[in-house]
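Going line by line, the protein sequences match chains A and B.
The numbering used here applies: residue 1 is where the first sequence begins, and numbers increase by one.
The numbering used here applies: residue 1001 is where the second sequence begins, and numbers increase by one.
I should point out that these hints are in silico values taken from the structure, not numbers from a laboratory.
Ideal Cβ placement from N, Cα and C applies to all residues, glycine included.
You may find that some hints are simply not true.
Restraint ranges, calculated between C-beta atoms of paired labels, are given here [said to hold, decoys possible]:
1) Arg-55/A / Lys-1297/B: 53 to 59 Å
2) Asp-1235/B / Lys-87/A: 29 to 35 Å
3) Glu-51/A / Leu-1037/B: 34 to 40 Å
4) Asp-1044/B / Lys-145/A: 34 to 40 Å
5) Pro-1105/B / Asp-129/A: 36 to 42 Å
6) Ala-1337/B / Glu-51/A: 30 to 36 Å
Straight-line distance between alpha carbons at most 25 Å, and here's what the computed DMTMM-like set of lysine to aspartate or glutamate pairs gives [said to hold, decoys possible]:
7) Lys-87/A / Asp-1235/B
8) Lys-87/A / Glu-1234/B
9) Lys-54/A / Asp-1324/B
10) Lys-87/A / Asp-1324/B
11) Lys-26/A / Glu-1328/B
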Amino acid sequence: MKKLALSAIAAAGVAFALGAAQAQQKNVTIGVSIPAATHGWTGGVVYHAEEAAKRLEKTYPGLKVIVKTSPSGAAQANALEDLSAQKIDALVVLPFNSDELTNPVLDVKRRGTFITVVDRGLKDPTIQDIYVAGNNPEFGRVAGKYFADYLKQGNVVVLRGIPTVIDEERVTSFEKALQGSGVKILDKQYANWTAMTPSASCRTSCPSTRRSMRSGPRMTTWRWACLRRSVRRSAPTSSSCWAVPA
Amino acid sequence: MTERGAEAVPPMKSLRRWLHADLRVVAPFVALGALVLLGALVSDRFLTVDNLVNVATRSAFIAIIAVGATFVIAGGGLDLSVGSMAALIAGVMIFVMNGLGAPAPANAFFATLSTLFGSSPMGILAAGILLALLLGALCGLANGVVTTFGRIEPFIVTLGTMGIYRGLIIWLAAGGTITMRSVELRELYRPVYFGSIAGVPVPILIFLAIAAAGALLLYRTPFGRHVVALGSSEDVARYSGVPIARVRVLTYVIQGVCVALAILVYVPRLGSATPTTGLLWELQAITAVVIGGTMLKGGTGRVWGTIAGAVILELVANIMVLSDLVSEYLVGAVQGAIIIVAMLVQRGLHRRQ
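For reference, chain A alone in the conformation it holds in the complex (with noise of 0.2 Å):
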């Protein structure tokens, strides 16, 4: 997924670049709008936006990479009207969320700037002019199946993360890998991919999961099994997680 924001960054620059650059010693400034690194995976984003930015006004000359992260839905909001105020030709877009970021990017491509939106997605796919994102449907589908196959039986919570499109997707096809299987899901929650609120929002707030744990001997421990995006397990601050009965 570094791979992907990375690449989306550079093929919406090399585009811009070589297309400008070829013609004429053209300046052209991309603006790339990011959440802020509020856990591993967006860490990695920011790191290689920024890399990639420098790389890219070195290949390119006349060409500038503005990068600016967000610690928020509203704060992003912010950035992209600072951005757009810098004169932008092209926007790069991660939306911290799909629901507030639809508003100010279709703001910012009615000003005529070329969008390139990355991952998270909009509410209304007809704003952006690429997307770039992972089989996001698969991934939750190959997590469905692991789980089936693994368990068998079992109840299982489902920590989801920021609401957001591919939120949705990863959480449905993940509840249609499960239908038929003897898994059942007790229940969904945000818990925003931060490293803070999957477990607390788990331990404390899910009361089902908590009558399930003082229920039987079966249930007393548990496994916290976190999945990546795909189906290896890992540190807690990676996209969605699971917690399994074991």
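Once you have looked at the hints, place chain B on chain A.
For chain B alone, kept in the frame of chain A given last:
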């Protein structure tokens, strides 16, 4: 700004009085001017029309809320719940508009609203706006009534309602987002934030109109005088026949309505409410009021100063983003330092008088 008396005084004394009174009134505007100069020095992109208009438009939310906070603080109160209240009002407003836009009304409540307002986008929008204003007034009323009749410190009451309002929005959104579903409605409502009249963005016009109304109410009506009297000394006000309870409750209601008005401008921008909507707005609103020259202990209220304060906060953030002097991640720290410095300056000017 309008507090200078016109009565006859000896020339020397009048000049001295003018200087002193004016220093405190003018201070926020001097600071604003200094910031604009600083901005022009550190970035060549700062003084563009686009950028300045962006900053002013963006300060609309805090400016409108802070006009209400000026009343509460001038009357010797405090409202910490405005950020949570904003999130709750935004959430309920969108929730109701989504409910009315649904093909069939979900329950009796929506059915009644539907028959009252019709199912045209305009009718739905009108219902949402009226409901937002009503909810704002009710939230403010709750703060005011508990503070006044429960005789509890406003700090504690509004700290409590801050938690309550925030909890309600998280519950209503089920931890996620409440979003305006109808594209038609979004398009209809959009100009309220993104539109402009004669080149001036609508949010700027709205906050100037609200500030003008606030200034009129605070400086030119008996109610405004009562608020200031209550903030100066509750006992004196009581013995002077000021209806203390009513005036105090009304300041909180005004605050609630101002929050609702801010939300009416906010919703067309992002089109949704999340558990983090309006986070720390109370800090910004109170900072704007204090920078503007209103005493935190009550007894003075300066509406135009408050507006300057709100714009100053956004200007500081904007300058930090545009320049490389200080990391933009420190915006919160700088805004926090500003409120302390503003208090020190205020204290200094007060002592000189």
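Hints versus structure:
1. Arg-55/A / Lys-1297/B: 53 to 59 Å: holds, 56 Å
2. Asp-1235/B / Lys-87/A: 29 to 35 Å: This hint is violated: roughly 60 Å between Cβ atoms.
3. Glu-51/A / Leu-1037/B: 34 to 40 Å: holds, 36 Å
4. Asp-1044/B / Lys-145/A: 34 to 40 Å: violated, 56 Å
5. Pro-1105/B / Asp-129/A: 36 to 42 Å: At 39 Å between Cβs, range holds.
6. Ala-1337/B / Glu-51/A: 30 to 36 Å: Between Ala-1337/B and Glu-51/A, where Cβ atoms are some 33 Å apart, the hint holds.
7. Lys-87/A / Asp-1235/B: This hinted pair is violated, its Cα atoms lying about 58 Å apart.
8. Lys-87/A / Glu-1234/B: Status violated; Cα separation ~54 Å.
9. Lys-54/A / Asp-1324/B: Given that 25 Å is the threshold and the Cα spacing comes to 17 Å, the pair holds.
10. Lys-87/A / Asp-1324/B: The hint holds at about 19 Å.
11. Lys-26/A / Glu-1328/B: violated, 30 Å
Violated hints, in rising order: 2, 4, 7, 8 and 11; the structure is consistent with all others.
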